[in-house]
Amino acid sequence: MGSAILNGILMGSIYGLTAIGLTLIFGVLKVINFAQGAFLMLGLFSTYWFVELTGANPYLALIFVVPFTYFTGYYTQKFLIKPVFESEKDVREPIGVIIVTTGIWYMLDNLALMLFGAEYRTINVPSLSEAISFFGLYAPLSKIIGFFISITIAGALFWFLKYSKMGKAIRATSQDREAASLMGINQYKIYNVTFGIGIAICGIAGTVLLPFYYVYPTAGMHLDILDFVIVVLGGLGSIPGALVGGLIIGLIESVGSQFISYSWTIEIIYLLFLVILFVKPEGLFGVKGEF
Amino acid sequence: MGLSKKQIKVILLIFSTITVFLIPVFIKSQSYLQIFIVVLFFMYLTTAWNFVGGFAGVLPLGHAAFIAIGAYVSTILFMQYHISPWIGMFAGGIFSAIIGVIIGLPTFKLRGAYFALATMAFAGGIKVLIDNIDTIGPINVGGPRGILINYSGNSFVNFQWVSKVPYYYIILTMVIILVLFTVFMMKSKIGYYLTAGGEDPEAAASLGINVAKYKLIAMALSAFFTALAGSFYAQWILYISPQSVGNMNLSFEIAFIAIIGGRGTIIGPILGALLLKPLEEFTRTYIGSALPGAHLFILGLVLVLVMIYQPRGIQEIVLKLSRKFMKRISKKV
Numbered sequence: 001m002g003s004a005i006l007n008g009i010l011m012g013s014i015y016g017l018t019a020i021g022l023t024l025i026f027g028v029l030k031v032i033n034f035a036q037g038a039f040l041m042l043g044l045f046s047t048y049w050f051v052e053l054t055g056a057n058p059y060l061a062l063i064f065v066v067p068f069t070y071f072t073g074y075y076t077q078k079f080l081i082k083p084v085f086e087s088e089k090d091v092r093e094p095i096g097v098i099i100v101t102t103g104i105w106y107m108l109d110n111l112a113l114m115l116f117g118a119e120y121r122t123i124n125v126p127s128l129s130e131a132i133s134f135f136g137l138y139a140p141l142s143k144i145i146g147f148f149i150s151i152t153i154a155g156a157l158f159w160f161l162k163y164s165k166m167g168k169a170i171r172a173t174s175q176d177r178e179a180a181s182l183m184g185i186n187q188y189k190i191y192n193v194t195f196g197i198g199i200a201i202c203g204i205a206g207t208v209l210l211p212f213y214y215v216y217p218t219a220g221m222h223l224d225i226l227d228f229v230i231v232v233l234g235g236l237g238s239i240p241g242a243l244v245g246g247l248i249i250g251l252i253e254s255v256g257s258q259f260i261s262y263s264w265t266i267e268i269i270y271l272l273f274l275v276i277l278f279v280k281p282e283g284l285f286g287v288k289g290e291f
Numbered sequence: 292m293g294l295s296k297k298q299i300k301v302i303l304l305i306f307s308t309i310t311v312f313l314i315p316v317f318i319k320s321q322s323y324l325q326i327f328i329v330v331l332f333f334m335y336l337t338t339a340w341n342f343v344g345g346f347a348g349v350l351p352l353g354h355a356a357f358i359a360i361g362a363y364v365s366t367i368l369f370m371q372y373h374i375s376p377w378i379g380m381f382a383g384g385i386f387s388a389i390i391g392v393i394i395g396l397p398t399f400k401l402r403g404a405y406f407a408l409a410t411m412a413f414a415g416g417i418k419v420l421i422d423n424i425d426t427i428g429p430i431n432v433g434g435p436r437g438i439l440i441n442y443s444g445n446s447f448v449n450f451q452w453v454s455k456v457p458y459y460y461i462i463l464t465m466v467i468i469l470v471l472f473t474v475f476m477m478k479s480k481i482g483y484y485l486t487a488g489g490e491d492p493e494a495a496a497s498l499g500i501n502v503a504k505y506k507l508i509a510m511a512l513s514a515f516f517t518a519l520a521g522s523f524y525a526q527w528i529l530y531i532s533p534q535s536v537g538n539m540n541l542s543f544e545i546a547f548i549a550i551i552g553g554r555g556t557i558i559g560p561i562l563g564a565l566l567l568k569p570l571e572e573f574t575r576t577y578i579g580s581a582l583p584g585a586h587l588f589i590l591g592l593v594l595v596l597v598m599i600y601q602p603r604g605i606q607e608i609v610l611k612l613s614r615k616f617m618k619r620i621s622k623k624v
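Residue numbers (the numbering used here), protein chains in the order written: chain H, 1 to 291; chain Z, 292 to 624.
It should be emphasised that the hints constitute simulated quantities derived from the structure, not laboratory data. Every residue gets a Cβ at the ideal spot worked out from N, C-alpha and C, and that includes glycine. Hints are all accurate, no fakes.
Covered stretches of chain H, as calculated for chain Z (at least 3 residues, CB under 8 Å):
#1 96 to 106
#2 225 to 232
#3 266 to 276
Isolated chain H, as found in the complex (with noise of 0.2 Å):
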């Protein structure tokens, strides 16, 4: 029991960190990108074919992921995106955005099962899988590293956000894009860049994942659909928000799957998630406001 929550936290902590990539560039372009998962798959992916074609230690290929996801991000936000964002400026209800993004998902995922097949990728790095002890409690070493690089990179994106010019820059965009354009900020420039982080954010819960997680075409669905569940449940466009609906749902899942089958923890997780949407579709963390 102990162990089934450290796991979960551990587990939960990772699940956060690919949700703050989706609450990020929700809060700053009021956009769900539906394709988070697949750009998952994407950081898995490259995470795989890193450590595949140079047998280095898999986070070295961080150095690889991060800008290779990063542009991605950038130049998928600048080209296919922002035609279809900006059509719809004055619409109340973007729903074109949502397709788009849910094109490029459809997209990505069945470009990678062109590429590279069905079947299912592991990297073997033994020394990461061994579990380590952690008063008297045991999960193993990539999990663990894992827990520690999300922390990191959810405090990075904080100060980043907070103190740097850019940063700012983001803020101001998010709260009033008008406002920001006024003072000389370039709002499409701000939100490729977001977009970009977003994703490069994504990319690098890929290679955090991939030591002890599987890579396929569709990887990234079953993150997905959590993934919209954690930032609901945090309150859209919430950095603490993610992470702490990342912990809830990774508790929910190693813990609930200690009494009852996986399943139906997922059957758990979809009703928590239509509960939320109903009662406070603004989460934990979210600002009240219309939904």
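With chain H's structure known, arrange chain Z on it following the hints.
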């Protein structure tokens, strides 16, 4: 003396109706006929989806749940209580409409993306539920294995035929009835109120339209009609499983095809299915084994391109072309 545009339209309509009815006479290959049935099946689903996704102006991404409800209700009634699938079909439809209203009541309060997420979670929940349940009391649901439907040869009461031709005519009739229903509904008060509420809920509400009520009506109708297709599917394929009828990809495909065709128009979803389904079937048949997923990749690509360059769907281009064509014809004739 030339023909008027209206006369040409009528002639074209009669001509295409006759063609559609004669297809099984000319196409003897059962596997080709199967493709036509698939196209009509999707035409029906996208048109039913359009009630909510088009006219009511929101984005439902969980319609597979209603297909599953329809398929499971009629199949369980048929297999365990020996009730004709024709009756089961309507039982499933009514049950699905009730579920649609129950799920619509809280979800229609949500905006844009939240609505999409809620419908997705609802459909996901239904699928996981069927996946996990073998029996509910005396009812055998079959869990992840699904239900195989007893095959008893040609029988109208049992909704079963050896040949695919009857299935073709049944789904064709269903499409025609649904499209006519949509045309009449859109010309009635309900239709006007529904589109008004879909385009600008605040403005419509300020004119005294009960927006939520008309959205719920649309949801109930959409769920009802979608469930009928589920029962049709069960009798046509004679096997249902959570994977085949409750799958998230199915929900997405219906939405994609309707959107590419042009949501919120009557012709859009029909054109979408007519153009995309054959394309998809052919890519799957000819390059599917070498490049699995190619057909879905194309679907995603077309969707993105349409959203960027043609957000009202391909119906706009097709209508423009056909208008030009009509002009030319009416001059010549």
